[in-house]
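Protein chains in written order, with our numbering: chain A, 1 to 588; chain B, 1 to 588.
Source of the hints: derived by calculation from the structure; they are not laboratory data.
One or more hints might be untrue.
Which copy is meant is left open, because identical chains are indistinguishable; a pair holds if it fits in one copy or across any two.
As the list claims (entries may be wrong) - As a list, the in silico SDA-like pairs of lysine to any residue whose alpha-carbon atoms are at most 20 angstroms apart:
{"id": "1", "residue 1": "K237", "residue 2": "D18"}
{"id": "2", "residue 1": "K319", "residue 2": "E132"}
{"id": "3", "residue 1": "K134", "residue 2": "G450"}
{"id": "4", "residue 1": "K237", "residue 2": "P214"}
{"id": "5", "residue 1": "K409", "residue 2": "G431"}
{"id": "6", "residue 1": "K116", "residue 2": "H218"}
{"id": "7", "residue 1": "K275", "residue 2": "D522"}
{"id": "8", "residue 1": "K319", "residue 2": "A15"}
{"id": "9", "residue 1": "K116", "residue 2": "P214"}
{"id": "10", "residue 1": "K503", "residue 2": "N262"}
{"id": "11", "residue 1": "K409", "residue 2": "M399"}
As the structure is a prediction and not an experimental result, all values here were calculated from the model.
Listed below, chain by chain, are the residues.
There are 2 protein chains.
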Amino acid sequence: MTPQRWLERFAAALAKGDIDAASSLFEPGGFWRDLVAFTWTLKTFEGRAEIKAMLAAVLSNVRPSGWGIRGISSPGEAWFTFETAVGRGIGHLRLREGRAWTLLTTLQELKGFEEKAGRTREWGTEHGVLPERKSWLERKVEREKSLLSGEQQPFVLIVGGGQGGIGLAARLKRLDVPALVVEKNPRAGDSWRKRYKSLCLHDPVWYDHMPYLPFPDHWPVFSPKDRIGDWLEMYVKVMDLDYWTYSECVGARFDKEKSIWNVEVKRGHESHLLKPTHLVLATGMSGVPNMPRIPGAESFRGTLVHSSAHPGGEGWRGKRCVVLGSNNSAHDIAADLWEHGAAEVTMVQRSPTVVVRSEMLMELAWGKLYSQAALEAGITTEIADLTLAATPFRLLPEMQKPIYEEIKKRDAELYSGLERAGFRFHFGEDGSGLHSVYLRRGAGYYIDVGASQLVIDGRIKLRQGTIQNLKDGTAVLSDGTELPADLVVSATGYGSMNGWAAKLISKEVADKVGKCWGLGSDTKYDPGPWVGELRNMWKPTQQPNLWFHGGNLMQSRHYSLYLALQLKARLEGIPTPTYYLDPVHHLE
Amino acid sequence: MTPQRWLERFAAALAKGDIDAASSLFEPGGFWRDLVAFTWTLKTFEGRAEIKAMLAAVLSNVRPSGWGIRGISSPGEAWFTFETAVGRGIGHLRLREGRAWTLLTTLQELKGFEEKAGRTREWGTEHGVLPERKSWLERKVEREKSLLSGEQQPFVLIVGGGQGGIGLAARLKRLDVPALVVEKNPRAGDSWRKRYKSLCLHDPVWYDHMPYLPFPDHWPVFSPKDRIGDWLEMYVKVMDLDYWTYSECVGARFDKEKSIWNVEVKRGHESHLLKPTHLVLATGMSGVPNMPRIPGAESFRGTLVHSSAHPGGEGWRGKRCVVLGSNNSAHDIAADLWEHGAAEVTMVQRSPTVVVRSEMLMELAWGKLYSQAALEAGITTEIADLTLAATPFRLLPEMQKPIYEEIKKRDAELYSGLERAGFRFHFGEDGSGLHSVYLRRGAGYYIDVGASQLVIDGRIKLRQGTIQNLKDGTAVLSDGTELPADLVVSATGYGSMNGWAAKLISKEVADKVGKCWGLGSDTKYDPGPWVGELRNMWKPTQQPNLWFHGGNLMQSRHYSLYLALQLKARLEGIPTPTYYLDPVHHLE
Numbered sequence: 001m002t003p004q005r006w007l008e009r010f011a012a013a014l015a016k017g018d019i020d021a022a023s024s025l026f027e028p029g030g031f032w033r034d035l036v037a038f039t040w041t042l043k044t045f046e047g048r049a050e051i052k053a054m055l056a057a058v059l060s061n062v063r064p065s066g067w068g069i070r071g072i073s074s075p076g077e078a079w080f081t082f083e084t085a086v087g088r089g090i091g092h093l094r095l096r097e098g099r100a101w102t103l104l105t106t107l108q109e110l111k112g113f114e115e116k117a118g119r120t121r122e123w124g125t126e127h128g129v130l131p132e133r134k135s136w137l138e139r140k141v142e143r144e145k146s147l148l149s150g151e152q153q154p155f156v157l158i159v160g161g162g163q164g165g166i167g168l169a170a171r172l173k174r175l176d177v178p179a180l181v182v183e184k185n186p187r188a189g190d191s192w193r194k195r196y197k198s199l200c201l202h203d204p205v206w207y208d209h210m211p212y213l214p215f216p217d218h219w220p221v222f223s224p225k226d227r228i229g230d231w232l233e234m235y236v237k238v239m240d241l242d243y244w245t246y247s248e249c250v251g252a253r254f255d256k257e258k259s260i261w262n263v264e265v266k267r268g269h270e271s272h273l274l275k276p277t278h279l280v281l282a283t284g285m286s287g288v289p290n291m292p293r294i295p296g297a298e299s300f301r302g303t304l305v306h307s308s309a310h311p312g313g314e315g316w317r318g319k320r321c322v323v324l325g326s327n328n329s330a331h332d333i334a335a336d337l338w339e340h341g342a343a344e345v346t347m348v349q350r351s352p353t354v355v356v357r358s359e360m361l362m363e364l365a366w367g368k369l370y371s372q373a374a375l376e377a378g379i380t381t382e383i384a385d386l387t388l389a390a391t392p393f394r395l396l397p398e399m400q401k402p403i404y405e406e407i408k409k410r411d412a413e414l415y416s417g418l419e420r421a422g423f424r425f426h427f428g429e430d431g432s433g434l435h436s437v438y439l440r441r442g443a444g445y446y447i448d449v450g451a452s453q454l455v456i457d458g459r460i461k462l463r464q465g466t467i468q469n470l471k472d473g474t475a476v477l478s479d480g481t482e483l484p485a486d487l488v489v490s491a492t493g494y495g496s497m498n499g500w501a502a503k504l505i506s507k508e509v510a511d512k513v514g515k516c517w518g519l520g521s522d523t524k525y526d527p528g529p530w531v532g533e534l535r536n537m538w539k540p541t542q543q544p545n546l547w548f549h550g551g552n553l554m555q556s557r558h559y560s561l562y563l564a565l566q567l568k569a570r571l572e573g574i575p576t577p578t579y580y581l582d583p584v585h586h587l588e
Numbered sequence: 001m002t003p004q005r006w007l008e009r010f011a012a013a014l015a016k017g018d019i020d021a022a023s024s025l026f027e028p029g030g031f032w033r034d035l036v037a038f039t040w041t042l043k044t045f046e047g048r049a050e051i052k053a054m055l056a057a058v059l060s061n062v063r064p065s066g067w068g069i070r071g072i073s074s075p076g077e078a079w080f081t082f083e084t085a086v087g088r089g090i091g092h093l094r095l096r097e098g099r100a101w102t103l104l105t106t107l108q109e110l111k112g113f114e115e116k117a118g119r120t121r122e123w124g125t126e127h128g129v130l131p132e133r134k135s136w137l138e139r140k141v142e143r144e145k146s147l148l149s150g151e152q153q154p155f156v157l158i159v160g161g162g163q164g165g166i167g168l169a170a171r172l173k174r175l176d177v178p179a180l181v182v183e184k185n186p187r188a189g190d191s192w193r194k195r196y197k198s199l200c201l202h203d204p205v206w207y208d209h210m211p212y213l214p215f216p217d218h219w220p221v222f223s224p225k226d227r228i229g230d231w232l233e234m235y236v237k238v239m240d241l242d243y244w245t246y247s248e249c250v251g252a253r254f255d256k257e258k259s260i261w262n263v264e265v266k267r268g269h270e271s272h273l274l275k276p277t278h279l280v281l282a283t284g285m286s287g288v289p290n291m292p293r294i295p296g297a298e299s300f301r302g303t304l305v306h307s308s309a310h311p312g313g314e315g316w317r318g319k320r321c322v323v324l325g326s327n328n329s330a331h332d333i334a335a336d337l338w339e340h341g342a343a344e345v346t347m348v349q350r351s352p353t354v355v356v357r358s359e360m361l362m363e364l365a366w367g368k369l370y371s372q373a374a375l376e377a378g379i380t381t382e383i384a385d386l387t388l389a390a391t392p393f394r395l396l397p398e399m400q401k402p403i404y405e406e407i408k409k410r411d412a413e414l415y416s417g418l419e420r421a422g423f424r425f426h427f428g429e430d431g432s433g434l435h436s437v438y439l440r441r442g443a444g445y446y447i448d449v450g451a452s453q454l455v456i457d458g459r460i461k462l463r464q465g466t467i468q469n470l471k472d473g474t475a476v477l478s479d480g481t482e483l484p485a486d487l488v489v490s491a492t493g494y495g496s497m498n499g500w501a502a503k504l505i506s507k508e509v510a511d512k513v514g515k516c517w518g519l520g521s522d523t524k525y526d527p528g529p530w531v532g533e534l535r536n537m538w539k540p541t542q543q544p545n546l547w548f549h550g551g552n553l554m555q556s557r558h559y560s561l562y563l564a565l566q567l568k569a570r571l572e573g574i575p576t577p578t579y580y581l582d583p584v585h586h587l588e
C-alpha cells in the first residue's frame with residue numbers, strides 16, 4: 001500500500017467513526033505520536049489498544065478532515081497535512097508492509113487565529129489621516145506602562161528569560177497572546193554571559209536557531225556564549241517582547257476560584273503583584289543547582305562553588321583546583337582552569353560518563369538533519385524538527401545504537417586512551433548513547449571538544465569516588481586521598497524543574513506535579529514506568545494553569561510552538577479537553 | 001539565437017580577443033552595464049563604439065571565462081555566471097532578434113577572498129586545549145581598545161552610521177576588511193528615531209531588507225521609524241561591527257604622499273586622530289539640509305526650523321503652522337500637524353510635485369520584484385536587486401511611462417481632486433514618474449499615504465509660491481499674502497552629498513569631486529551631459545580614496561556590495577584599474 005492509499009483509507013475510517021478500521025491500519029504494535037492536534041497534550045500511543053482508546057475518546061470532538069500527502073520522504077514514508085475542527089496540522093507516516101509503523105500528528109495553527117506573517121503581516125502605518133494617531137512607539141510605551149501599573153495583566157507570565165522563555169514569548173507575540181517575561185538578570189542574555197568564559201554552545205548552529213529569525217549564514221558553528229547573549233538581547237528587542245529585567249519571581253499562589261495566579265515579582269526594589277491566568281516556568285532544565293552537602297565545607301579555607309556560579313579559570317593561575325563531577329561542565333571547567341595555568345587540576349569522577357567527540361556527533365548523529373549539507377538538501381530547520389519528532393521515543397535507542405558502534409570504531413584511540421587513564425565511560429546502559437541519556441536524565445555526558453585529551457595525557461588528573469569531606473585547605477576523597485585545594489568546583493548538575501515549583505509556589509504543588517523530564521526508561525536515573533514523552537514538559541500538568549518549558553535550543557524552538565498553541569486556545573476560549581495527564585512521579 | 005548560443009559566441013569572441021566579433025553581437029545601440037567586474041567602476045556603455053573602446057582597454061586584464069547560463073527568465077532573457085582573472089560574477093542578458101539589447105555584468109566575489117558563510121563559516125570555538133585561549137569577547141574588547149588607542153587603524157572609515165554606513169560595514173566585516181563607523185548620535189538608529197513621530201518608511205518591507213539578515217516575515221509592510229531604529233541598533237550589535245556612537249567627524253585631510261587620510265573625530269569630549277586608508281561618506285543622500293535664507297528670519301517671533309530638525313506635531317495644538325515645500329516630508333509633517341490639532345496648516349508649494357499613492361506603487365511599480373507575491377514566486381531580494389540593475393538607466397523612463405498612464409487612470413479621482421485644490425502635480429517632465437525623479441534629483445515627489453486627501457479637502461491649506469520674508473509673527477508669501485504663523489517648517493530638502501565633502505574635507509576637494517547623484521538626464525534639476533549612472537556614487541571619484549555611499553534601503557543594500565568589493569580588492573593589493581571616472585559636474 002502506498003502512503004497515499006493508506007492515508008485515504010485512514011481518512012475514510014475516521015470520517016465514518018470506524019475506530020476498528022482506523023486502528024487496524026496500524027501494525028499491532030504501531031505508534032501514533034500526537035502533538036496537541038488530537039489530544040491537547042503531547043502523547044505517544046503504543047499499539048492498537050491505546051490508539052483505539054484515544055480515538056474513542058476524542059474523535060467526535062476532533063473531527064479530522066482534509067488529509068493530503070505533501071511529500072514522500074522515502075518509499076513508504078510521507079509527510080501530510082490535515083485539519084481538525086479547530087486547527088490545521090502537519091503529520092508524518094511510516095509504513096511497513098502496508099501498515100503504519102509510526103504516525104505523527106502535530107497541530108500547527110488554529111483556524112481563525114493564524115500567525116500574522118507574509119501576506120497577512122501588519123501594515124505598520126495606517127494610511128489616511130487619523131486625528132490623535134498613536135505611533136508604534138507611543139503604543140509600546142503605553143503597553144509597558146499599563147503592565148507596570150498593573151492596569152493590564154498578562155495572560156501568560158513566563159518566569160525566566162533565557163532562550164526558552166524568549167522563544168515562547170516570541171511565539172505568543174505572533175499569536176497575539178499577552179505575555180510577560182520576567183528575568184532576574186540586568187540584561188536579556190546574561191544567563192549565558194555570566195557563565196564561565198570559555199563556554200561555547202556544544203550544539204552546532206543549525207540546531208540552535210530561535211523561532212522566526214534564524215542566525216545569518218556566517219554565524220559560527222559553535223556560538224561563543226557572549227554572542228548568544230547578544231543575540232538573545234537583540235531578539236527580545238526586535239521581536240518587541242514584553243520583558244522585565246532585574247525582575248525575580250519570589251512567590252506564586254494559584255487562586256482556584258478565579259483560576260488565576262497571584263505572583264509576586266521583585267523588580268529592582270519594587271514589588272509587583274501580577275495576576276496572570278497562566279504561569280510558565282522557563283527557568284531552565286538546568287533548574288535549581290544540586291549542591292551536595294560536603295562535611296567540613298564551613299571550615300574549608302579554599303573556595304567552594306557550584307559550577308553555575310564559577311566565572312572561569314582567570315585568577316587561578318598557580319592554584320590547586322578540584323572539580324567534582326565528570327560531565328560537560330566539569331570537563332569545560334577543568335580544561336579552562338588548565339588553560340589558565342592552574343598548578344594542578346583534578347577531576348573527581350563519581351559515575352561513568354558518556355563521552356563523544358563533537359565532530360562525531362556532527363557527522364554521524366546531527367548531520368543528517370542539522371548541518372549545512374542538510375540545509376542545502378532542502379531540509380529546513382522546521383522539517384528537521386518535525387523529522388526528529390516523527391520517531392517515537394521508544395524507537396530511538398535502537399536507531400541510535402549503530403551510530404555509537406561506528407563512533408566507537410572511529411574514535412578507538414580516544415576510548416583506549418580514556419581507558420588507560422582510568423576514566424569510566426560508556427554509551428549509556430543500553431549503548432544508545434548521548435541522545436538517550438539526555439532525554440532520560442538531561443545529564444551524564446561530555447561532548448568532547450578537547451578536554452578528554454587532557455585527561456588522557458594526565459594534565460587533568462583523575463580520581464574516582466567523591467569528596468568525603470573538606471578540611472582546612474584539603475579535599476579528602478572517598479578513597480582517603482587528601483588533595484590540597486585552593487578551589488573546589490562542584491559540577492554536580494541540577495535538580496528537576498519541579499524544584500522551581502517547590503521554590504516559587506509550594507512543596508505541595510511541586511509534589512502534586514512530580515518530576516519533570518525523563519521518559520521512564522527504567523534505567524538508573526530514569527526509573528519506570530514508561531511514559532513515552534518527557535514528563536510534564538510543554539503540556540498540561542496535574543496543577544491547572546502551570547506549565548514547564550525548557551530544554552536545549554532545538555527543543556525550546558520546536559516545542560514552544562505546541563505550548564503556545566495550547567495557551568492561545570485557552571485565551572480564545574477554544575475547548576481544550578486534555579486526553580491524558582502524566583501520573584505524578586517522584587524520583588525517590 | 002538562444003541566450004545559450006549567444007553566450008557561447010560571446011565567450012568565444014572574448015577568449016580570442018576578437019573585440020569586433022564580441023561587439024557585433026550587440027545591437028548597434030545595445031547596452032552593456034558593468035558593475036565593477038570589467039571596469040572597476042559602475043558604468044553603462046551605450047552602443048557598439050563605447051563597448052569596443054572599453055573592451056580594447058580592459059580585456060587583456062580581465063580575462064573573462066567560464067560563462068554559463070544559470071536560468072532563463074523569459075524568452076530571450078537569461079541569467080548567467082562568469083569569471084574574471086580575479087573574481088566571479090553574475091550577469092543578465094536580453095536578446096532582441098538574436099542580438100544583445102542589454103547586457104549586465106556584476107562582480108559578486110573575489111577569488112580567494114570569498115565571504116565566510118555557510119560551509120566556510122567560522123568554527124566559533126577552537127576545539128582542543130589552548131593555553132591562554134582568548135574568548136570571543138576578550139578578542140572583541142581588545143579590538144575595541146586598540147582602535148580607541150590608535151594602535152590599530154581601520155582600513156576604511158565610514159562617516160555616518162545610518163542604514164548605509166551600517167550595511168556597508170557589515171559587508172566589509174564579512175570580507176575581513178577592518179572598518180570603523182562613526183555616528184554622531186548616542187545610539188545606532190537614532191537618525192531614524194529623532195525624526196517626526198508619525199514617520200514610517202514609504203517603501204514596503206520587501207524593498208528594505210539589510211544585507212544578510214532579512215526582517216522576519218511578520219515585520220510590518222511599512223516600518224515605523226522607531227522599529228527601524230531598533231533594528232539598526234540590533235544589527236550593529238549582532239553583526240559585530242566596530243561602531244563608535246557620540247562620534248562626529250569634524251575634519252579630514254588626504255595625505256597624498258602616504259595615501260592615507262587624517263581624520264579628526266570628536267568622540268564625546270575626546271578628540272581622536274584616525275588614519276584610515278579609505279574614507280567613505282555615508283552621511284545620507286539627505287545630506288546637508290537646504291535652508292533657504294528668508295529675510296526677517298532673525299526677527300521672526302515664531303519657530304523656524306528645517307524639516308530634519310522638526311520633532312513632530314506634538315505641542316502645536318491650536319497653533320498656526322506653515323510648511324514650505326510640497327514633497328514627502330512636507331506632506332508628512334503637514335498631516336502630522338493637522339492630526340495633532342494645529343489650528344491651521346498651510347503648505348506653500350514652490351514647484352510641481354510627483355504624487356503617487358503608495359498602494360499604486362506597490363501594485364504597479366514595486367510589486368513585480370518586491371512583494372510577498374514576488375517572494376513566493378521565487379524572486380528573492382538578491383534576484384530582485386539584480387533584475388532592477390539589469391535595466392540601463394537610459395531605458396527606464398520608457399518602461400515607467402505606461403505605469404503612470406495606468407496610475408493616472410486608476411486614481412483619476414485623486415488627481416482631479418488635487419487639480420481642483422490647485423495643487424500642481426505631474427509625473428516628471430517626461431511622464432516617467434517617481435523612480436525617474438528619484439534618480440535624477442533624489443527629491444520632488446510625494447508617495448501619498450493620506451495627506452493628499454487633506455489637501456483636497458482643504459484641511460491642509462495650499463498656497464503657491466514661496467515665503468518672501470518673515471516678520472514678527474507672520475510669513476509673507478511671494479503673492480503678498482500674510483500668514484500668521486507660530487511655526488514655519490522649511491521642508492526644502494538637502495544638498496548634494498559633496499556638500500559633506502566641503503564641510504568635512506575642503507571646498508577644494510568638494511569642487512574636484514563635483515555633484516553627487518543624478519544621471520545627467522537634461523531635465524530641470526538634473527542637467528546634462530548624460531552620464532548614465534548616478535554620479536560619484538559607490539565608485540572611484542576624482543579624489544583618490546574618497547567614496548560616497550547612500551540612497552534608499554534598497555540601493556544601500558545592493559550597491560554596498562560593489563563598494564565593499566572595490567575596497568577589499570584595494571586592501572588585498574589586487575590591481576583595480578579604473579576604466580572611467582565621472583567628469584566633474586556642478587549644478588550651477
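Do the hints match the structure? See the list:
Within a single copy, K237 and D18 get their C-alpha atoms no closer than 51 angstroms, and across copies no closer than 58 angstroms, so neither meets the 20 angstroms cut-off. For a Cα distance limit of 20 angstroms, the shortest separation of K319 from E132 across copies, 16 angstroms, qualifies, whereas the shortest one inside one copy, 66 angstroms, does not. Proximity of K134 and G450 under a CA criterion of 20 angstroms is satisfied inter-copy only: 16 angstroms between copies versus 56 angstroms inside one chain copy. Within a single copy, K237 and P214 get their C-alpha atoms as close as 15 angstroms, and across copies as close as 16 angstroms, so both meet the 20 angstroms cut-off.
Taking the shortest Cα distances, K409 and G431 sit within 20 angstroms of each other inside one copy (14 angstroms), while across copies they are farther apart (74 angstroms). In this homomeric assembly, K116 and H218 come within 20 angstroms of each other (Cα to Cα) only across copies, at 6 angstroms, whereas the closest approach inside a single copy is 28 angstroms. Neither within a single protomer nor between protomers do K275 and D522 lie at most 20 angstroms apart by alpha-carbon distance, with minima of 40 angstroms and 68 angstroms respectively. For a Cα distance limit of 20 angstroms, the shortest separation of K319 from A15 qualifies neither inside one copy, at 72 angstroms, nor across copies, at 68 angstroms.
When the C-alpha separation of K116 and P214 is checked against a cutoff of 20 angstroms, the pair qualifies both within a copy, at 18 angstroms, and between copies, at 17 angstroms. Taking the shortest alpha-carbon separations for K503 and N262, only the intra-copy value of 15 angstroms comes in at or below 20 angstroms, while the best inter-copy value is 61 angstroms. Only within a single protomer do K409 and M399 lie at most 20 angstroms apart by alpha-carbon distance; the minimum there is 17 angstroms, versus 66 angstroms between protomers.
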